[in-house]
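Student: Based on the hints, put chain B in the right spot on chain A.
Quick mapping for you: the protein sequence lines, in order, are chains A and B. When the count follows our numbering, it moves up by one through the first sequence with no breaks and lands on 331 for the last residue. When the count follows our numbering, it moves up by one through the second sequence with no breaks and lands on 331 for the last residue.
Honestly, the hints are just simulated from the structure, not real lab data. Treat the hints with care, as some may be off.
No copy is singled out in the list; a pair is fine if it fits within one copy or between any two copies.
Straight-line alpha carbon distances no greater than 30 Å define the calculated DSSO-like cross-link-like pairs of lysine-lysine that follow [claimed, not checked]:
id : residue 1 : residue 2
1  : K151      : K246
2  : K194      : K276
3  : K22       : K276
4  : K143      : K276
5  : K173      : K309
6  : K194      : K11
Note that the structure is predicted; figures quoted are calculated from it, not measured.
Number of protein chains: 2
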Amino acid sequence: MKEFELIKHFFTEQAVKRKDVLLGIGDDCAVVSSTENQNIVVTTDTLVAGVHFPLGTSAKAIGHKAVAVNLSDIAAMGAKPSWISLAITLPEVDDDWLAEFCSGAFELCEFYNVQLIGGDTTQGPLSITITAQGLTPEGKYLSRSGAKSGDWLYVTGEIGDAALALLHIKEPMLTENDVIEQVQKKLDYPKPRVLMGQTLREYASAAIDISDGLLADLGHICQASNVGANVVLDAIPLSDAMKRSQPFDDSVQLALNGGDDYELLFTVSEDNKVGMETALTHAGAVITCIGQMNASQTISTTLNNKPVPIISTGFQHFSSNKKHVKIT
Amino acid sequence: MKEFELIKHFFTEQAVKRKDVLLGIGDDCAVVSSTENQNIVVTTDTLVAGVHFPLGTSAKAIGHKAVAVNLSDIAAMGAKPSWISLAITLPEVDDDWLAEFCSGAFELCEFYNVQLIGGDTTQGPLSITITAQGLTPEGKYLSRSGAKSGDWLYVTGEIGDAALALLHIKEPMLTENDVIEQVQKKLDYPKPRVLMGQTLREYASAAIDISDGLLADLGHICQASNVGANVVLDAIPLSDAMKRSQPFDDSVQLALNGGDDYELLFTVSEDNKVGMETALTHAGAVITCIGQMNASQTISTTLNNKPVPIISTGFQHFSSNKKHVKIT
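Looking at chain A on its own, in the form it has when it is part of the complex (with noise of 0.2 Å):
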């Protein structure tokens, strides 16, 4: 196990240096402070090679997304996250599948100046577990529970695209090479929406990100909340790949059902849709309203403004992609 001794220096190269991390790696724990006035938000996210990713992926694809799928709870949270401890088990020691795996996940991590404080390296077949933890002013948070009948239900980017790319891996159906890119960038290299889950915590109601798929997930929010809600299908945001490749129907169920989107799902009242539709647009960012909150505890959804029962299902089924359950 000599070499696997090795390997703590990959860790300790990463840039970022907090004020707020007393200790960091070296130790027997991490010590970390905290001010007064702040609560911690705290995530741990399992990824297990050929289930949460393909086993072709790449190391550095494999580093970001370890980081990225931890930050994006974060993000629904709307908090900044700040540290991250890694558990990696790995088959063998191999110095350039680790340099590239750091790369990956440390870019992200220099992005939110999060700190990596330490963790754990062991010998076993190929699985990284990351507790990511984030800070945000007392009390002000989101969660899935706060979403009332009325609120309107938004999502940011394009969804889809992932459940397309894994889809063409397990069976390869797409031909245009750009349409091949683009999809597959999108499942290797998820984008946490740090900053629109921070504008978010002062307008939005209740907040999730689409990891089990759209309706799972909506469904969770409409569980915690006790409200059901309705789905505009032609409104669901679809990447111009997908538009290009797939018929619309198609799209509508990789976007419902396929998951792995990590974009943020959320719910505004009324009161609040001017306003955080000002501050998420002025900040740049793609945000689209698919649906209304509604008092009915089911889902449902519409098509050319008339309903359409295919999706139509209770929240039991709604489990039926997931990879991981979260504890959490």
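Tutor: Chain B alone, transformed into the frame defined by chain A:
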């Protein structure tokens, strides 16, 4: 994956409800509050089946041990454990196994008022990663780097039994049932020295928990503190089970190089020696002085007041028994 959805209820049945947990299991992140004048310590440890515990280990022992090894790191900092996040990867959902795992994990959590605030459940080869956090008064924590030449070296409890149990599992040679039971219990149910750690915060100059082996972990203190040490082999505390079943030389080898003890190894100045001994022994703790730090930057060993050369290796040799490498 629907059955994985059902796992969640196992983890939501914990009894601990801390006031500083504003949002527990059930959202994108947990939310905790910390008061001013406190630091937060953070550690992450992974246990992989067949690497960190034998494949036949009971689910209850695995649950206990996964929590214990993390609380042991918190103890080594002198902090009070507060919250844990659990990432568990399971080959299949087995209700009996999960119930036993949780009973082992939660028993320890309840004893120390530690709340499970979230995590992730995935399908794959059995492995458990826990991130544990703890609280300590601002700036008051133990580290590996405070030992000074002249400080006394102490260890809690008795050393080597877990290594003896592992040896017996690999090559059965123990014959007495009560010996087997006793050392097996030490391997399966290590006791994190949480209360001792908190008391030591006021007295010790450096501390570490013994996971890699007494010599290896002493090496970490020496390296971080830029000092050396002499270990008095006759003073090493051995259990009755060890003394009854093993010749002295083998006992000492197991104690020095075995690991998995999760006892605290710490240093204390001459000035603090009596105060520390009084405080700890008043609380019923078993501690033993096993040597003294010096300026040599190497580790030496003595027996019957005479130097013995066998163990005086350099720091680079200390990692031979490592099963994982803490990035922290």
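Student: Please go over all the hints and tell whether each is borne out by the structure.
Tutor: Hints, one by one, checked against the model:
| no. | hint | in the structure |
| --- | --- | --- |
| 1 | K151 <-> K246 | neither (33 Å within a copy, 68 Å between copies) |
| 2 | K194 <-> K276 | within (24 Å within a copy, 54 Å between copies) |
| 3 | K22 <-> K276 | neither (37 Å within a copy, 34 Å between copies) |
| 4 | K143 <-> K276 | within (19 Å within a copy, 47 Å between copies) |
| 5 | K173 <-> K309 | neither (34 Å within a copy, 69 Å between copies) |
| 6 | K194 <-> K11 | both (27 Å within a copy, 28 Å between copies) |
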